[in-house]
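Chains A and B, in that order, are what the protein sequence lines are. With the UniProt record's numbering applied, the first sequence covers 1 to 399. With the UniProt record's numbering applied, the second sequence covers 1 to 399.
Calculated from the structure, these hints are not laboratory results. Check before you lean on any hint, since a few could be wrong.
Each pair may be met inside one copy or between any two copies, as identical chains are not told apart.
Stated by the list, open to error - Distance condition first, Cα-Cα at most 20 Å in a straight line; then the derived SDA-like pairs of lysine to any residue:
#  : residue 1 : residue 2
1  : K361      : D234
2  : K368      : F3
3  : K364      : A343
4  : K189      : P179
5  : K171      : V200
6  : K171      : G231
7  : K361      : R28
8  : K171      : R367
9  : K171      : R350
10 : K361      : P4
11 : K368      : R28
12 : K361      : D66
13 : K361      : T2
14 : K368      : A85
Since this is a predicted model, take the numbers as computed values, not measurements.
There are 2 protein chains.
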Amino acid sequence: MTFPVVGMVGGGQLARMTHEAGIPLGIRFKLLSDTPQDSAAQVVSDVVVGDHRDLDTLRSFARGCDVITFDHEHVPTEHLRALEADGIPVRPGPDALVHAQDKGVMRARLTALGVPAPRHRVVSDAADVAAFAAEGAEGAEGAEGSDGGGDGAGDGFPVVLKTVRGGYDGKGVWIVRGPRDPVAAEPFKAGVPVLAEEKVDFARELAANVVRSPHGQAVAYPVVESIQVDGVCDTVIAPAPGLSGEAASHAQELALRVADELGVVGHLAVELFETRDGRLLVNELAMRPHNSGHWTQDGAVTSQFANHVRAVLDLPLGDPRARAPWTVMANVLGGDFPDMYSAYLHCMARDPGLKIHMYGKDVKPGRKVGHVNVYGDDLQATRDRAAHAAGYLRGTITD
Amino acid sequence: MTFPVVGMVGGGQLARMTHEAGIPLGIRFKLLSDTPQDSAAQVVSDVVVGDHRDLDTLRSFARGCDVITFDHEHVPTEHLRALEADGIPVRPGPDALVHAQDKGVMRARLTALGVPAPRHRVVSDAADVAAFAAEGAEGAEGAEGSDGGGDGAGDGFPVVLKTVRGGYDGKGVWIVRGPRDPVAAEPFKAGVPVLAEEKVDFARELAANVVRSPHGQAVAYPVVESIQVDGVCDTVIAPAPGLSGEAASHAQELALRVADELGVVGHLAVELFETRDGRLLVNELAMRPHNSGHWTQDGAVTSQFANHVRAVLDLPLGDPRARAPWTVMANVLGGDFPDMYSAYLHCMARDPGLKIHMYGKDVKPGRKVGHVNVYGDDLQATRDRAAHAAGYLRGTITD
Chain A
1 MTFPVVGMVG
11 GGQLARMTHE
21 AGIPLGIRFK
31 LLSDTPQDSA
41 AQVVSDVVVG
51 DHRDLDTLRS
61 FARGCDVITF
71 DHEHVPTEHL
81 RALEADGIPV
91 RPGPDALVHA
101 QDKGVMRARL
111 TALGVPAPRH
121 RVVSDAADVA
131 AFAAEGAEGA
141 EGAEGSDGGG
151 DGAGDGFPVV
161 LKTVRGGYDG
171 KGVWIVRGPR
181 DPVAAEPFKA
191 GVPVLAEEKV
201 DFARELAANV
211 VRSPHGQAVA
221 YPVVESIQVD
231 GVCDTVIAPA
241 PGLSGEAASH
251 AQELALRVAD
261 ELGVVGHLAV
271 ELFETRDGRL
281 LVNELAMRPH
291 NSGHWTQDGA
301 VTSQFANHVR
311 AVLDLPLGDP
321 RARAPWTVMA
331 NVLGGDFPDM
341 YSAYLHCMAR
351 DPGLKIHMYG
361 KDVKPGRKVG
371 HVNVYGDDLQ
381 ATRDRAAHAA
391 GYLRGTITD
Chain B
1 MTFPVVGMVG
11 GGQLARMTHE
21 AGIPLGIRFK
31 LLSDTPQDSA
41 AQVVSDVVVG
51 DHRDLDTLRS
61 FARGCDVITF
71 DHEHVPTEHL
81 RALEADGIPV
91 RPGPDALVHA
101 QDKGVMRARL
111 TALGVPAPRH
121 RVVSDAADVA
131 AFAAEGAEGA
141 EGAEGSDGGG
151 DGAGDGFPVV
161 LKTVRGGYDG
171 KGVWIVRGPR
181 DPVAAEPFKA
191 GVPVLAEEKV
201 DFARELAANV
211 VRSPHGQAVA
221 YPVVESIQVD
231 GVCDTVIAPA
241 PGLSGEAASH
251 AQELALRVAD
261 ELGVVGHLAV
271 ELFETRDGRL
281 LVNELAMRPH
291 NSGHWTQDGA
301 VTSQFANHVR
311 AVLDLPLGDP
321 RARAPWTVMA
331 NVLGGDFPDM
341 YSAYLHCMAR
351 DPGLKIHMYG
361 KDVKPGRKVG
371 HVNVYGDDLQ
381 ATRDRAAHAA
391 GYLRGTITD
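Bound conformation, chain A alone (with noise of 0.2 Å):
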């Protein structure tokens, strides 16, 4: 068999489940994870264990795979820089990746496109902050990849800042409420590259999913609705409920074209806020499955994890259509019981048509363990399912 090894880097849930979707694809995988015990490292057989900051490991790694790609955005630029050298096809490869990387690139890039985004700009002290917003307050004036459209009246604040590099999942974002708040010093103190952004007053959040080969093919999933709970992904609805045709194929039209300038290989998710008149903002970027894509396993015909495989090896792309009126995906997060075994029998009892994604790892509280997914032809009944058993199997819900 001449089929070829995809290496993935970062042993997490969305290697873990690119693993799952490879295997009836014949490819042989292999991982490079921190630790024998990571979610992926759980089910895949060709494991090499070691870090992903370190080229040499890298390098060692890379030998004997087809192509490298990612569960996560850490693996330093240049490094990757250096596995392209020696010849190693890295994708989504690093001049696309860095905007991934980093919100003060991606923000810049985007902004030079003309692609909608919150008001925004690289700050370096709580100064700069201040000033920040008293610009949003007198109108938006001067501040880059404004669209003269932000609520920008008032104080100007609240403020969003965020560090360029690392966050992610509410960590490393910061919210600043007013002038004299003492949170606009906490992200200066780590030395980072930090971005502060208006707060958008969004309807909203909704996510636009394509993958794209480096022959240039690309796919649009549905446009699905994200809802986020303390900044962390609770449900995600496809396709976004209410959202009309027009607006759908805005959204789908916009991340194709960010997915093509960047020249993005595998699967980009562009998060969007909808604000309250309509208009789309992009959010942040993520060039790998994403959460929000989750549905398509068992939600549309080929899914994300699917596509991302045969988008890094240049196959052809599977249909991503959906499968069903409404599907729906729920988070399962750790709650207070470190056994989650009992409340998922009783979940698979009370619902035979419930899809549970487990990651295999240890139940902490707040932590993402699994996500289950629901499908079906009525969107309240759909959601109900789905949110009935995150909830149990949290133990948030106990009947």
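Model the placement of chain B on the given structure of chain A, informed by the hints.
Here is chain B on its own, set in the frame of chain A:
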């Protein structure tokens, strides 16, 4: 986490796909494989390489497993009893599994249960075969298992001879076409018991697949039509076209009854002959995931593999219903070209909805190396898509 460990004996594609289905369930999967290159061993983390006919190997493998189940029927029955005596749950257990291991035992038991079957008898030599045929010619008096409705006209030939253990995919099967056919002596040369059966002049073959758990819950999949070519399964159509609801229910009830009477745990495939006058006769039993159930991976709410895992762990079973009006599975056999990758790429490009399942096996002419699933609203279009992909991958279709 207290999620259990499932140990599977045998490293073939059924174990490969069971592991794939077990990943989202969050269970741990341990494999006993003949070699490190076996289909499943390529993708499973925890592999023991060893001989499934050796009791010490089985005992060592079973340590640390919460339950043992099987990719094939080749573990000696006495070894399974020894594992059970050690306190290891073996599912299906030896008292059930023997009916899938030994066609003589199976025929005797199903006859005792009054389940319709082809006329049959255990035979010892060519003279026995001639006597069996002669009884068929006389109208089947005295033969066990006859339902009195067979077409025992003519000289009673052809007669089918099968080794009672170890046959599969047309191996271990002989057709004796007349009283002087020298083939009648062949099966006895190996010194193993041989079963003679009337060759049923069937209209088509069906399979009624069910899954049963230790506490007695059971689910029945839609009854499928199975089309064999040269004794090997070629195509499976779900549901069986033109089968009346009454006949489908009858087949499902028959399979559920067999599962219950024999104490099967896990997936049970009941292969059936549908006679030209609409009767159903049991051909074979398999107590593991089965080729006739591969369509469930993409065509049913819960796949046979996921439900097999759930059953052997005594977890509640998942919904077995079809997700599409028609799902067609076509096996991919090896052809003359060892490199299937370019054909695979072509098939993906031609049909973005095609679901390919490759087993990681070296291509040899006639060897099952994968299968494809296609689902849709139109039966003929769905069949055509599946047949094209399977033929193109084999190399028998080139455009």
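What hints, given by number in increasing order, does this structure fail? 9 and 14
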